[in-house]
Amino acid sequence: MSTTSLENAAGDASDLAALILRVSAGDEAAFQQIYERTSAKLFGVVLRIVKGRELADEVLQDSYLRIWQNASRYAPDSGRPMTWMIAIARYAAIDVVRKRAHDAGYTPVDPPEPAADPERQIVVQDMLGRCLGRLAAPQLECVVLAYCNGYSREELARHFSAQVPTIKTWLHRALSALRACLEAT
Amino acid sequence: MSDADRSLDSAEYVLGTLGATERAEFERAMEREPRLGDEVRQWEDWLAGLNDVIPAVTPPSQSWANIVRRVRPAAAPSDRPAGITELSSYRRSRARWRVASLALGSLAAGLALFIASEHLRPQAPSYLAVVNRGGDLPALIVEVDMASNTVSIRSVAAETPADKVLQLWYIAGGQAPRSVGLLDRPETRAALPASRTDQLAGATFAVSVEPVGGSTTGAPTGPVVYSGKLFRDR
Numbered sequence: 117m118s119t120t121s122l123e124n125a126a127g128d129a130s131d132l133a134a135l136i137l138r139v140s141a142g143d144e145a146a147f148q149q150i151y152e153r154t155s156a157k158l159f160g161v162v163l164r165i166v167k168g169r170e171l172a173d174e175v176l177q178d179s180y181l182r183i184w185q186n187a188s189r190y191a192p193d194s195g196r197p198m199t200w201m202i203a204i205a206r207y208a209a210i211d212v213v214r215k216r217a218h219d220a221g222y223t224p225v226d227p228p229e230p231a232a233d234p235e236r237q238i239v240v241q242d243m244l245g246r247c248l249g250r251l252a253a254p255q256l257e258c259v260v261l262a263y264c265n266g267y268s269r270e271e272l273a274r275h276f277s278a279q280v281p282t283i284k285t286w287l288h289r290a291l292s293a294l295r296a297c298l299e300a301t
Numbered sequence: 019m020s021d022a023d024r025s026l027d028s029a030e031y032v033l034g035t036l037g038a039t040e041r042a043e044f045e046r047a048m049e050r051e052p053r054l055g056d057e058v059r060q061w062e063d064w065l066a067g068l069n070d071v072i073p074a075v076t077p078p079s080q081s082w083a084n085i086v087r088r089v090r091p092a093a094a095p096s097d098r099p100a101g102i103t104e105l106s107s108y109r110r111s112r113a114r115w116r117v118a119s120l121a122l123g124s125l126a127a128g129l130a131l132f133i134a135s136e137h138l139r140p141q142a143p144s145y146l147a148v149v150n151r152g153g154d155l156p157a158l159i160v161e162v163d164m165a166s167n168t169v170s171i172r173s174v175a176a177e178t179p180a181d182k183v184l185q186l187w188y189i190a191g192g193q194a195p196r197s198v199g200l201l202d203r204p205e206t207r208a209a210l211p212a213s214r215t216d217q218l219a220g221a222t223f224a225v226s227v228e229p230v231g232g233s234t235t236g237a238p239t240g241p242v243v244y245s246g247k248l249f250r251d252r
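Here the protein sequences come in this chain order: Z and B.
With the numbering used here applied, the first sequence corresponds to residues 117 to 301, in that order.
With the numbering used here applied, the second sequence corresponds to residues 19 to 252, in that order.
The set of hints was computed from the structure by calculation and includes no laboratory data.
It cannot be assumed that every hint is accurate.
Said to hold, decoys possible - If we take Cβ atoms under 8 angstroms as the criterion, some of the chain B residues that face chain Z in the derived model are: (1) PRO78; (2) ARG207; (3) ALA208; (4) ALA209; (5) THR234.
Claimed, not checked - Pairwise CB distance ranges, derived in the manner of DEER restraints: (6) Z/ALA252 / B/THR39: 27 to 35 angstroms; (7) Z/MET243 / B/SER79: 35 to 43 angstroms; (8) Z/ARG189 / B/GLU205: 28 to 36 angstroms; (9) Z/ALA156 / B/ALA209: 33 to 41 angstroms.
Ideal Cβ placement from N, Cα and C applies to all residues, glycine included.
Please construct the entire structure, taking both the sequences and the accompanying hints into account.
Now the structure itself:
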């Protein structure tokens, strides 16, 4: 999102919040509008995590079902509407890949997808970008690969040729440092 | 566990790095402790900027139709026949077909068994939609034979409320449902409402509950109790 679109984004957010309110009353037309405006983003988020269009489609459908069912629980203090919806889709996708790995007793080896050059793209994003930029390189990459690509600790360990406990330590350090930095603003 | 560690659990939950068991445990803890939910929302908000890094991808065209189909029965739960709890579909393999037939042996007793190979020419594309009810028991098996342009529906223990009939609908991507026929016999054959193969791939079949004689409006009037996507069989 560029800075020039911030005003539009704010308008979109209040529109989306109003649509979610209508969905909580069972308004299917409002639900369709939400779908038309958000499904490509949600599908992109899910596809990046589960890899494979068929499974991503199932997860997308489950996500919108949850949005429909939980619309009445959405409140302004639940966060921005897009953040709320993306969180629902991300958790649905992560649940699927974690359960798959758990049930199979192993983590499937996927060719690591190159993260969209983290520094270049994130630097523009205000405080988060500034705080991420203060992290050591592997910690930054851990956070981005986990959030955007849904990497588990085991996948991160393989990616960095490190042990899982090491990854856990990196993640905790990165998240503690991020919290300290973001809370200070 | 210290508060600091707990807060990192919230962060890792949002980041997605907890394992399946830890995720489930954290979600249970979140129900007991509202504070954890607040932390999760805080982390979601903090990390939301990363969402912009992820490119949007247009979802498959039939996704919306499938979502609507899954939303509608929930909107009218009082009209749903008892016992139907779940809608899904799956692609058939020959082996799975045999396994399913064997597993259903006792349930299907007394029903005419529909042998796919009898009328399907090997070279003609065929399509299959299995519409499930709770417990993953196939309740209706919809088979489309492109060679003879017919659709066959085998009903296995389908539950129909008294004074009602089940009606099968065909929905091509983004189009209005078209009636295929009434499911008032264990096995039904009907002419196909689509003529072109490419219209069939990814099409959806849905079954609604209608008054005896079927819908009089040309569109589903009762709740949709089953739906399944059509998959190419070979």
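Hint check:
no. : hint                                    : verdict
1   : PRO78                                   : holds (5 angstroms)
2   : ARG207                                  : violated (30 angstroms)
3   : ALA208                                  : violated (28 angstroms)
4   : ALA209                                  : violated (30 angstroms)
5   : THR234                                  : violated (23 angstroms)
6   : Z/ALA252 / B/THR39: 27 to 35 angstroms  : holds (29 angstroms)
7   : Z/MET243 / B/SER79: 35 to 43 angstroms  : holds (39 angstroms)
8   : Z/ARG189 / B/GLU205: 28 to 36 angstroms : violated (45 angstroms)
9   : Z/ALA156 / B/ALA209: 33 to 41 angstroms : holds (37 angstroms)
In this structure, the earlier hints numbered 2, 3, 4, 5, 8 are contradicted, and the remaining ones agree with it.
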